[in-house]
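Engineer: Those protein sequence lines, which keep their order, are chains A and B.
So the first sequence is numbered by this note's numbering: it starts at 10 and just counts up by one.
So the second sequence is numbered by this note's numbering: it starts at -7 and just counts up by one.
If you are wondering where the hints come from, they were derived from the structure by calculation, not from laboratory data.
What you are looking at is a predicted structure, and each value in this text was computed from that prediction instead of being measured.
The beta carbon of each residue, even a glycine, is placed where N, CA and C say it ideally should be.
It cannot be assumed that every hint is accurate.
[What the hints assert, rightly or not] Simulated DEER-style distance windows between Cβ atoms:
{"hint": "1", "chain 1": "A", "residue 1": "Pro202", "chain 2": "B", "residue 2": "Ser274", "range": "24 to 34 Å"}
{"hint": "2", "chain 1": "B", "residue 1": "Trp278", "chain 2": "A", "residue 2": "Ala332", "range": "43 to 53 Å"}
{"hint": "3", "chain 1": "B", "residue 1": "Ser274", "chain 2": "A", "residue 2": "Ala332", "range": "33 to 43 Å"}
{"hint": "4", "chain 1": "B", "residue 1": "Pro293", "chain 2": "A", "residue 2": "Tyr117", "range": "28 to 38 Å"}
{"hint": "5", "chain 1": "B", "residue 1": "Lys121", "chain 2": "A", "residue 2": "Pro202", "range": "19 to 29 Å"}
{"hint": "6", "chain 1": "B", "residue 1": "Ala319", "chain 2": "A", "residue 2": "Pro211", "range": "53 to 63 Å"}
{"hint": "7", "chain 1": "A", "residue 1": "Val336", "chain 2": "B", "residue 2": "Ala332", "range": "52 to 62 Å"}
{"hint": "8", "chain 1": "A", "residue 1": "Asn238", "chain 2": "B", "residue 2": "Lys121", "range": "21 to 31 Å"}
{"hint": "9", "chain 1": "B", "residue 1": "Ile261", "chain 2": "A", "residue 2": "Tyr117", "range": "40 to 50 Å"}
{"hint": "10", "chain 1": "B", "residue 1": "Gly334", "chain 2": "A", "residue 2": "Val164", "range": "45 to 55 Å"}
[Stated by the list, open to error] To list a few chain A residues with every Cβ distance to chain B over 12 Å, as calculated:
{"hint": "11", "residue": "His12"}
{"hint": "12", "residue": "Tyr163"}
{"hint": "13", "residue": "Val173"}
{"hint": "14", "residue": "Ala219"}
{"hint": "15", "residue": "Tyr317"}
{"hint": "16", "residue": "Ile325"}
{"hint": "17", "residue": "Leu342"}
{"hint": "18", "residue": "Leu351"}
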Amino acid sequence: MIHLQRRANPSKLMGYLAPVIALAMTLLAGFLLFALLGVPVGEAFRAYFIDPISDSYGLAELGVKAAPLIMIAAALSLGFRAGVWNIGAEGQLILGGICGGAVALYFYEVESAFVLPLMCLAGVIGGMAWAAIPALLRTTVNANEILTSLMLTYVASLLLSFLVHGPMRDPDGFNFPESRLFHDAATLPLVLPGTRLHIGAPIAIFIALAAWILLSRTLLGFALRVNGNAPRAARHTGFSQAKLVWFSLLFTGAVAGLAGLFEVAGPIGQLNPVISPGYGFTAIIVAFLGRLHPIGVIFAGLIMALSYLGGETAQITLNMPLAVTGVFQGMLLFFLLAADVLIHYRVVFGRERHYVR
Amino acid sequence: MPEVSLFTSTRRALLAMAASAALALPGVGMSADSPLKVGFVYVGPVGDHGWTYRHDIGRLAIEEKFGDKVETTFVESVPEGADAERVIRKLASSGHGLIFTTSFGYMNPTVKVAKQFPDVKFEHATGYKRGDNVSTYSSRFYEGRTILGTMAGMMTKSNTIGYIASFPIPEVVRGINAFTIAMRKVNPDATVKVIWVNTWYDPGKEADAAKTLIDQGVDIITQHTDSPAALQVAEERGVLGFGQASDMSSFAPNAQLTAIVDDWDPYYIERTQAVIDGTWESTDTWKGINSGMVAMSDYGPKVPDDVKAAADLIREGIVEGTLHPFAGPIKNQAGEVVVAEGEVLDDGVLLGMDYYVEGVQGTLPK
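If we strip away everything but chain A, and leave its shape as in the complex, we get (with noise of 0.2 Å):
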């Protein structure tokens, strides 16, 4: 018989170096899994993992890709260290993209500088209010923040599905479901011209900055990290369980929203019916994947955004299935989940042995 059996020590280096080993051990299952489809190998990580990168137009693209995942699994991080468990971001994502955008279709006339500032506020406002939400239910009546941030999410995109189906339709759209194009002054400037990276990019990488110090450098950072990890312990030392649960949600909830305003300023440059193929359930994986530390969640970021370019590349110059994507994720979550055991848990051939402490 097999056990696995707690150990006492779980090495730190390799929880750091878990994530690479898992990338590592995705590269050979991945050798494999081309070989045995037929494919010739060297083309097809070439497909997956240089041509989409291999010019400015690709790079650019990589940072469209990752930013709003980086920016949003940086905010989790934090909650997810301190124990608040907000499953909702794609939601405060989508109300940030709606109040952001509406203020782009109510001064859908003036073209001057307050209006893109002003969106952005709209957006952190749009996103912290739906994780307010949560927040009350979970300090007032303990009601279960994975639960209702999540069900929130239905609400939201249903909440956008009716609003450019009706006012914020576009009047001169034959009725199709989408809102007027934003103006210039109310898309975001591109960081890198002929491309479509834009300043959302660089904020992605100082928010995931300003987390890490946050986490590290601060009173409030601890507070997060006692509470994540022995919430009694917080209790004792007079933290406030409930503030610490309104400023994670509400910080994840801003940062969401800002995404969302972010995508629909930037590469959409309108409000659709769908605004985000996910984002904010991807960044749950991508917090995972960096450690919930929010440097390592830059790195995850740009992984997760490549592996979603490298798909799109392999199909078109490959034929390759879809389906290769998702494997190629499925299998980096595996091994990194595999790895984590493995750094907690050592494995245990023959009967159980049992230790008197």
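Starting from the known structure of chain A, arrange chain B on it as the hints suggest.
Structural biologist: Okay, now just chain B, sitting in the frame of chain A:
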């Protein structure tokens, strides 16, 4: 089995790609002797057995017809948002001379990329924005709905039909109305219950909607979504239904009465030929049953002869132009006449249709 043929074709294409990959250099346009690369952007997976599946059949028809004069590529399940522009641009910048973007949500990205690649021809399905190198195309699916409505009206016993709808856009509303008008002509007591699922492709949601409708007493289901899930539920529960976009009789051999089949093959071949000949021009195509773009599958085993005869008659009338699905008198839900006797709705109104006709239950989400 379609999967098998798709798979072998993919394998063959893979070998061809591998052989040509060493020679092919990325670049825009094509010389006389290199094959025309034709790209497709799909909103769902090629295995949805509905909308995307039929577009992929069209892609394979291009390969079949032109052989080594063309190379085709597709990218499946591309979200209608920020990702679409990158995928379309990638196809344009990797030497594709003709690109089909096959969902409404790709409209603005298609137009945007088309401006950056004036030498590449773009074809956008179901949209309304065109350009020098952007055509639009769609089918008058509502003509098929008129036939379905007639059959449903004659065959329903509970006088309630379930309609699973995707998004409240004019195309879908038009389908609901065409169905209802035809149904009420043969059965003035019948009504239509609509469930909006807010997705084109989600077999789980589509099946749930079908179950809900059946529990509410409908005995015939029709749907404007992409998978056969609703029809499978109909088969299980012993009610009747229609295939959508593709012949789905293999999923519901007893339940499927008939199916509206999207046949993109002739259009795709024609447009590819035009690019090869250098005669391609930006056009707006909206054709129906008489062009072959909308086809009807064979009748299922449960369709009685009188219903078959009536459906055939409607079909002939549409083909010959003697029957218009939106001929007056048409009443809205409030019972007011919106189209007088002797008039027909013109295409402009049809393209922006945003109200229900009499006989549809509930209110149109706006």
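Engineer: Each hint: holds or not?
Structural biologist: Comparing the hints with the structure gives:
1. A/Pro202 / B/Ser274: 24 to 34 Å: Because 29 Å falls inside the window, the suggested range holds.
2. B/Trp278 / A/Ala332: 43 to 53 Å: Violated - the Cβ-Cβ distance for B/Trp278 and A/Ala332, about 34 Å, lies outside 43 to 53 Å.
3. B/Ser274 / A/Ala332: 33 to 43 Å: 35 Å, holds
4. B/Pro293 / A/Tyr117: 28 to 38 Å: Violated, since B/Pro293 and A/Tyr117 (Cβ atoms, about 57 Å apart) do not stay within the stated range.
5. B/Lys121 / A/Pro202: 19 to 29 Å: 25 Å, holds
6. B/Ala319 / A/Pro211: 53 to 63 Å: Because 60 Å falls inside the window, the suggested range holds.
7. A/Val336 / B/Ala332: 52 to 62 Å: 59 Å, holds
8. A/Asn238 / B/Lys121: 21 to 31 Å: At roughly 55 Å between Cβ atoms, B/Lys121 and A/Asn238 fall outside 21 to 31 Å, so the hint is violated.
9. B/Ile261 / A/Tyr117: 40 to 50 Å: 43 Å, holds
10. B/Gly334 / A/Val164: 45 to 55 Å: Between B/Gly334 and A/Val164, where Cβ atoms are some 47 Å apart, the hint holds.
11. His12: Fine: 38 Å to the nearest Cβ keeps A/His12 off the interface.
12. Tyr163: Given that some Cβ of chain B is not farther than 12 Å from that of A/Tyr163, nearest at about 10 Å, it is violated.
13. Val173: 10 Å, violated
14. Ala219: A/Ala219 clear of chain B: closest Cβ-Cβ about 25 Å, beyond 12 Å.
15. Tyr317: It is violated; A/Tyr317 is separated from chain B by about 8 Å at its closest Cβ, not greater than 12 Å.
16. Ile325: 5 Å, violated
17. Leu342: 19 Å, holds
18. Leu351: Given a closest Cβ separation of 34 Å, the condition holds.
The structure shown violates the earlier hints numbered 2, 4, 8, 12, 13, 15 and 16.
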